[in-house]
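Chemist: If you want the building blocks of each chain, they are given just below.
Number of protein chains: 2
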Amino acid sequence: MLTPADTAFAERLAARLPVGRLRAPEPRHLEEPRGRYKGQGGLLALPETVEDVSTILQEANAARVPVVPYGGGTGLVSGQVAPELPAPLLVSLERMTVIRAVYPAENVMIAEAGAILSDIQAAAEAENRLFPLSLAAQGSCRIGGNLATNAGGVGVLRYGNTRDLCLGLEAVLPDGRIWNGLSRLRKDNTGYDLRNLLIGSEGTLGIITAATLKLSPRPAATGTAMLVVSSPRAALDLLSLARDQVGDGVSAFELINRQGLDFLTETMPDLRQPWAEPPDWSVLIELGLSGGTDPTEALEELFAKAFERGLLSDGVIARSEAQRDALWSVREHLPEGNRRIGSISSHDISLPLSCVPEFIERGNAAIADIGAFRVNCFGHLGDGNLHYNIFPPKWGDRRDHEGERPRINRTVHDLVSEYGGSVSAEHGIGRLKVDELELYGDPVKLAVMRQIKIALDPNGIMNPGAVLRAGNG
Amino acid sequence: MLTPADTAFAERLAARLPVGRLRAPEPRHLEEPRGRYKGQGGLLALPETVEDVSTILQEANAARVPVVPYGGGTGLVSGQVAPELPAPLLVSLERMTVIRAVYPAENVMIAEAGAILSDIQAAAEAENRLFPLSLAAQGSCRIGGNLATNAGGVGVLRYGNTRDLCLGLEAVLPDGRIWNGLSRLRKDNTGYDLRNLLIGSEGTLGIITAATLKLSPRPAATGTAMLVVSSPRAALDLLSLARDQVGDGVSAFELINRQGLDFLTETMPDLRQPWAEPPDWSVLIELGLSGGTDPTEALEELFAKAFERGLLSDGVIARSEAQRDALWSVREHLPEGNRRIGSISSHDISLPLSCVPEFIERGNAAIADIGAFRVNCFGHLGDGNLHYNIFPPKWGDRRDHEGERPRINRTVHDLVSEYGGSVSAEHGIGRLKVDELELYGDPVKLAVMRQIKIALDPNGIMNPGAVLRAGNG
Numbered sequence: 001m002l003t004p005a006d007t008a009f010a011e012r013l014a015a016r017l018p019v020g021r022l023r024a025p026e027p028r029h030l031e032e033p034r035g036r037y038k039g040q041g042g043l044l045a046l047p048e049t050v051e052d053v054s055t056i057l058q059e060a061n062a063a064r065v066p067v068v069p070y071g072g073g074t075g076l077v078s079g080q081v082a083p084e085l086p087a088p089l090l091v092s093l094e095r096m097t098v099i100r101a102v103y104p105a106e107n108v109m110i111a112e113a114g115a116i117l118s119d120i121q122a123a124a125e126a127e128n129r130l131f132p133l134s135l136a137a138q139g140s141c142r143i144g145g146n147l148a149t150n151a152g153g154v155g156v157l158r159y160g161n162t163r164d165l166c167l168g169l170e171a172v173l174p175d176g177r178i179w180n181g182l183s184r185l186r187k188d189n190t191g192y193d194l195r196n197l198l199i200g201s202e203g204t205l206g207i208i209t210a211a212t213l214k215l216s217p218r219p220a221a222t223g224t225a226m227l228v229v230s231s232p233r234a235a236l237d238l239l240s241l242a243r244d245q246v247g248d249g250v251s252a253f254e255l256i257n258r259q260g261l262d263f264l265t266e267t268m269p270d271l272r273q274p275w276a277e278p279p280d281w282s283v284l285i286e287l288g289l290s291g292g293t294d295p296t297e298a299l300e301e302l303f304a305k306a307f308e309r310g311l312l313s314d315g316v317i318a319r320s321e322a323q324r325d326a327l328w329s330v331r332e333h334l335p336e337g338n339r340r341i342g343s344i345s346s347h348d349i350s351l352p353l354s355c356v357p358e359f360i361e362r363g364n365a366a367i368a369d370i371g372a373f374r375v376n377c378f379g380h381l382g383d384g385n386l387h388y389n390i391f392p393p394k395w396g397d398r399r400d401h402e403g404e405r406p407r408i409n410r411t412v413h414d415l416v417s418e419y420g421g422s423v424s425a426e427h428g429i430g431r432l433k434v435d436e437l438e439l440y441g442d443p444v445k446l447a448v449m450r451q452i453k454i455a456l457d458p459n460g461i462m463n464p465g466a467v468l469r470a471g472n473g
Numbered sequence: 001m002l003t004p005a006d007t008a009f010a011e012r013l014a015a016r017l018p019v020g021r022l023r024a025p026e027p028r029h030l031e032e033p034r035g036r037y038k039g040q041g042g043l044l045a046l047p048e049t050v051e052d053v054s055t056i057l058q059e060a061n062a063a064r065v066p067v068v069p070y071g072g073g074t075g076l077v078s079g080q081v082a083p084e085l086p087a088p089l090l091v092s093l094e095r096m097t098v099i100r101a102v103y104p105a106e107n108v109m110i111a112e113a114g115a116i117l118s119d120i121q122a123a124a125e126a127e128n129r130l131f132p133l134s135l136a137a138q139g140s141c142r143i144g145g146n147l148a149t150n151a152g153g154v155g156v157l158r159y160g161n162t163r164d165l166c167l168g169l170e171a172v173l174p175d176g177r178i179w180n181g182l183s184r185l186r187k188d189n190t191g192y193d194l195r196n197l198l199i200g201s202e203g204t205l206g207i208i209t210a211a212t213l214k215l216s217p218r219p220a221a222t223g224t225a226m227l228v229v230s231s232p233r234a235a236l237d238l239l240s241l242a243r244d245q246v247g248d249g250v251s252a253f254e255l256i257n258r259q260g261l262d263f264l265t266e267t268m269p270d271l272r273q274p275w276a277e278p279p280d281w282s283v284l285i286e287l288g289l290s291g292g293t294d295p296t297e298a299l300e301e302l303f304a305k306a307f308e309r310g311l312l313s314d315g316v317i318a319r320s321e322a323q324r325d326a327l328w329s330v331r332e333h334l335p336e337g338n339r340r341i342g343s344i345s346s347h348d349i350s351l352p353l354s355c356v357p358e359f360i361e362r363g364n365a366a367i368a369d370i371g372a373f374r375v376n377c378f379g380h381l382g383d384g385n386l387h388y389n390i391f392p393p394k395w396g397d398r399r400d401h402e403g404e405r406p407r408i409n410r411t412v413h414d415l416v417s418e419y420g421g422s423v424s425a426e427h428g429i430g431r432l433k434v435d436e437l438e439l440y441g442d443p444v445k446l447a448v449m450r451q452i453k454i455a456l457d458p459n460g461i462m463n464p465g466a467v468l469r470a471g472n473g
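If you read the protein sequences in the order shown, they are chains H and E.
Numbering follows full-length UniProt numbering, with no gaps: position 294 of the first sequence is 294.
Numbering follows full-length UniProt numbering, with no gaps: position 12 of the second sequence is 12.
Honestly, the hints are just simulated from the structure, not real lab data.
Since we're looking at a predicted model, the values are computed, not measured.
We treat Cβ as the ideally placed atom computed from N, Cα and C, and that holds for glycine.
Don't take each hint at face value.
[Stated by the list, open to error] Cβ pair distances, simulated, as ranges: (1) 104/E / 277/H: 50 to 60 Å; (2) 405/H / 33/E: 55 to 65 Å; (3) 305/E / 272/H: 36 to 46 Å; (4) 27/E / 451/H: 34 to 44 Å; (5) 3/H / 33/E: 41 to 51 Å; (6) 26/H / 366/E: 51 to 61 Å; (7) 314/H / 125/E: 47 to 57 Å; (8) 26/E / 118/H: 31 to 41 Å; (9) 435/E / 451/H: 51 to 61 Å; (10) 104/E / 447/H: 26 to 36 Å; (11) 104/E / 308/H: 13 to 23 Å; (12) 451/H / 35/E: 47 to 57 Å.
[Said to hold, decoys possible] To spell it out: a stretch of chain H is covered by chain E in this simulated footprint if at least three of its residues, at any positions, have a beta carbon under 8 Å from a beta carbon of chain E; those stretches are: (13) 172 to 181; (14) 192 to 198.
[Stated by the list, open to error] Residues of chain H placed beyond 10 Å of chain E at every Cβ, according to the derived structure: (15) 84; (16) 103; (17) 307.
All chains, please: the whole structure from these sequences, using the hints.
Modeler: In structure tokens, the structure reads:
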């Protein structure tokens, strides 16, 4: 049985912490970007050291107070906002932002969990290195949250998900024990992979306080193009062709649908788009190449070959940094366009790569059967990761279609499941997708997850209700 | 309390399995390559399906019979040979060797756990793809064992360890439940990372029966050279220079010490070596480049630049496939040379990359303080992974130095630990390094490992005594 973070608890905890570590949560701590969940009062802890975090969890565990770890607050599945608990203890890492060390010769950085992603990127760049995690929220999300949710983004194709960018962790377990796992090693086969168990566990197994991050050499030169393809299948063939040509040099491959461009025209008419008439399907491709090969020439060669094979009909290759930024700006504004239109339902799904074209065809047909909705299907095609979002008919309002959301959700996710896909490719489960995990997840995996949760957090204090249903022993 | 796999158990189990799945172990199942451990009789199960494995574990779990999973038998830390248990049930995956599917367009293969690594490599090559796991035992090790031990090898620098090459697993848990996790997805954030928990757990948490493997495009062209460097530090500087030039294109970077070449001269005089006088330090470098850049030219450019900076003094760039094979043959015979000489003590260690040169210097000095031993220090320098092996003085015999082994071991591993290194970089813990794990491992991590072990295998039947001390609740 959990108990609220009440005044008595706050006083007990305050007595064990340096002055100024506790306060009431601000409104921003009780909101989430989709506006679906609202948090409640409770208590906010602002630890400054791993020992602070340890003390906080010791006390919370002893008192059975629910703990909600808080990073940048940008998570899209409400892992950070808990509406239904006894007033929780929010633990925000926002004061633990130190970049503890950079080892450029090793391509390694050690950063505290509260460091903002763009600050980490900048610290790497200052040493002529790349930290390749890159996503829309990078100006405000924190690396601890990126790790807790195994964030994706546009660099996954080449550099992997967040878990692939981490060599080691410092973390506090639910009972306050500190695991010192800030390894700088590339190879270490000494026991179970605790690092990957914590990464992606969304704050339900402990609190990450610092991480050893893997940096990369910066590509010597980058080339960017937006290419008009005849279909998603042609886009996949183009990706194959590009990889045959430059191997791992393809660092981004983003699918764009006409609907997304139309939303930009409608909501952000001043945003420069490369086409007079928006094409049905286009891709944003980026090549990051090391010395020797000129990426612009490589893109020209790719264009010529793909044109010959009928995969594409038009294209823009960036000739300057400004043109490159303009192309990326179109891609990066797609989510904002979606927000301004207002989706009925949005789906962060992944599929086996070769199933993507058929899924889009069948998905669009199934949605059309439900109603005259608009579908914006875009995303990280190279990873098989689509953002498949459903909008009301033109001039319609999402609020008139709330009732259809469950059916839409079920239709999309049933189809994803039929192809062996995932109903959460990069956003995680949080509280938004607990039902989906129970419906579509492997039952044995779920049972094992519960066994692990009970073993490491027997009192169930860590982010209760996220990932696993609360109290579900 | 564990009980032996006796006749009564064998009869009960046989009644639930198709005919021919049980027999007595052969001698090869009771040996391990280092010859330090000897297994005992017991019973051998040869499952052909995941259902067979499930039945086997259900019965073993019900009867508290210890289970030792068996792959290719090539493990170097005796994870596969258990001398001290009640007669165990060996479960060999050698009949589950089917490559279930290859999806070249997705760079994905699904293989059963008993498939031999070189067969998997060949199946990938048949589709013009690369499965980049590459190690000395590839002709006999099995992919299930590679996964269970998170095997390393010479391709880690570019492609990662075995865990980085796996997208999903099918596995049987200690109580016989089957986890269907053969995902073909690149991104899937639906719950805890069970895949990485099983990978590297050395058969102590379940039996992997099949895996989805990540393939890569084959490099368009490969270049290989052996270069004489002035020191390990110069070798590291050369690696940096190479990466500045060709980025991820550096696919192998192996450090070679004169001692290893001298061993080859002594034990395999017919093996062709590239030098009249073996250099103190050399590196084998391989570049795998995509279209556009000629790797031989890139190596020539690298040589010129590195020569200018005083990093190297001589070198051989392979001009033909035969020359390439000859260079690799030198590297690949180093372990056999070691075996023929007979080491007193061998150490599979890793270090933060920039600490490697200092470690070698201090390590060699510390060993010299103990006695006039010969040290062969070689390995995967790009990963910070050294094989640091100690041999008797010339004309000496390892058997005369057994008594010094503990002191040598302790000296090397203390120094590794001082630098934040690992006492098992790629071989795992098995039974050989349980003491080391307890001595050098993070105590909180060890405690969490035990909690997870108890949660998933409460009867302690799975490979007891490997990784964690048996019966250590």
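Chemist: A separate judgement is required for each hint: does it hold in the structure or not?
Modeler: Each hint, compared with the structure:
In this structure the supplied range 50 to 60 Å is violated for residue 104/E paired with residue 277/H, their Cβ-Cβ distance being about 36 Å. Evaluation of the 55 to 65 Å hint for residue 405/H and residue 33/E yields a pass: the beta carbon distance comes to about 59 Å. The supplied range of 36 to 46 Å is met by residue 305/E and residue 272/H, whose beta-carbon atoms lie about 42 Å from each other. Range check, residue 27/E to residue 451/H: about 38 Å between beta-carbon atoms, so the 34 to 44 Å window is met.
Under the hint 41 to 51 Å, the C-beta atoms of residue 3/H and residue 33/E, about 56 Å apart, miss the expected range. A hinted range of 51 to 61 Å holds for the C-beta pair residue 26/H and residue 366/E, which are about 56 Å apart. Evaluation of the 47 to 57 Å hint for residue 314/H and residue 125/E yields a failure: the beta carbon distance comes to about 37 Å. Between residue 26/E and residue 118/H the CB atoms are about 60 Å apart, so this pair departs from the stated range of 31 to 41 Å.
For residue 435/E and residue 451/H, the Cβ-Cβ distance of about 29 Å falls outside the hinted range of 51 to 61 Å, so the restraint is violated. Distance hint check for residue 104/E and residue 447/H: the Cβ-Cβ separation is about 35 Å, which falls inside the suggested range of 26 to 36 Å. A C-beta distance of roughly 22 Å is found between residue 104/E and residue 308/H, which places it inside the suggested range of 13 to 23 Å. At about 38 Å, the CB distance of residue 451/H to residue 35/E disagrees with the hint of 47 to 57 Å.
Requiring three or more residues with a Cβ within less than 8 Å of a Cβ of chain E, the coverage given for the region 172 to 181 of chain H holds, as 6 such residues are present. With 5 residues having a Cβ less than 8 Å from any Cβ of chain E, the region 192 to 198 of chain H passes the three-residue criterion, so the hint holds. Every CB of chain E lies more than 10 Å from the CB of residue 84/H, the least distance being 20 Å, so the non-interface label holds. Remark: the non-interface label on residue 103/H conflicts with the geometry, its nearest Cβ contact in chain E lying 6 Å away (cut-off 10 Å).
Chain E leaves residue 307/H outside its interface by the beta-carbon criterion, the shortest separation being 18 Å against a cut-off of 10 Å.
Of the numbered hints stated above, those contradicted by the structure are hints 1, 5, 7, 8, 9, 12 and 16, listed in ascending order.
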